[in-house]
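Chemist: Take the sequence shown: its position 34, counted from the start at 1, is 23 in our numbering, and no numbers get skipped.
Everything labelled a hint here was simulated from the structure, so no lab data went into it.
Errors might be hidden in some of the hints.
As the list claims (entries may be wrong) - As a list, the in silico BS3-like pairs of lysine-lysine whose alpha-carbon atoms are at most 30 Å apart:
id, residue 1, residue 2
1, K88, K61
2, K71, K58
3, K88, K71
4, K53, K71
5, K58, K73
6, K44, K54
7, K71, K61
8, K73, K54
9, K73, K88
10, K53, K5
11, K58, K44
12, K73, K53
13, K(-5), K5
14, K88, K44
15, K88, K54
16, K73, K61
17, K44, K(-5)
18, K44, K71
19, K44, K73
20, K54, K71
21, K61, K44
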Amino acid sequence: MCLRGKVLKYRDKRKKLITDIENDENEETLVEQIRTLLNIKSTSFIKTDYYRVCKQAHLEGIVKKFGLKLEKLGENLHENYKKKNEIDQNPIESLATCKEFICKQFPNT
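Work out the full structure, taking the sequences as your base and the hints as a guide.
Modeler: Okay, here's the thing in structure tokens:
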């Protein structure tokens, strides 16, 4: 197939997808079709910040035990504890509590 034929075929597919987008409610399927058509890998472009790292590491439990919300923990990490948000102490020893939350993102105690 010559280049002109490929361009015309691509243009027809694109017009069909645009029509489908305007008429269909299922955006996720259509987005996947467009990615396939354009050979775009399905990668997410989520901004990774300290809050998301803590959330992905499932640190909600340790945060709840010490009375510090993830947003505040993220602020502490971002500011290198310059603007430190104070925490409420848990009656259980902190080292013992932290051992429960060792994971691949935070492998050290």
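Chemist: Does K44 pair with K71 here, judged by a C-alpha cut-off of 30 Å?
Modeler: holds (22 Å)
Chemist: Keeping to a limit of 30 Å between CA atoms, is the pair of K58 and K73 held or broken?
Modeler: holds (13 Å)
Chemist: Between K73 and K54, is the straight-line Cα distance small enough, at 30 Å or below?
Modeler: holds (18 Å)
Chemist: Is the Cα-Cα distance between K44 and K73 30 Å or less?
Modeler: Holds. K44 to K73 sits at ~19 Å (cutoff 30 Å).
Chemist: Starting from K44, check that the Cα of K54 is at most 30 Å away, please.
Modeler: holds (15 Å)
Chemist: Quickly compare the C-alpha distance for K88 and K61 to 30 Å and report which way the hint goes.
Modeler: Measuring from Cα to Cα gives roughly 21 Å; hence the hint holds.
Chemist: Verify the proposed pairing of K(-5) with K5, using a straight-line Cα cut of 30 Å.
Modeler: holds (15 Å)
Chemist: Check whether the Cα positions of K54 and K71 lie no farther apart than 30 Å.
Modeler: holds (23 Å)
Chemist: Can you confirm whether the C-alpha distance between K71 and K58 stays at or below 30 Å?
Modeler: Holds, at roughly 17 Å.
Chemist: K88 and K44 were given as a pair; does the straight-line alpha-carbon distance stay at or below 30 Å?
Modeler: holds (17 Å)
Chemist: Keeping to a limit of 30 Å between CA atoms, is the pair of K58 and K44 held or broken?
Modeler: holds (11 Å)
Chemist: Between K71 and K61, does the CA-CA distance stay at or below 30 Å?
Modeler: Between K71 and K61 the Cα gap is close to 12 Å, so the pair holds against 30 Å.
Comparing the model with each numbered hint stated earlier shows that hints 10 and 17 do not hold.
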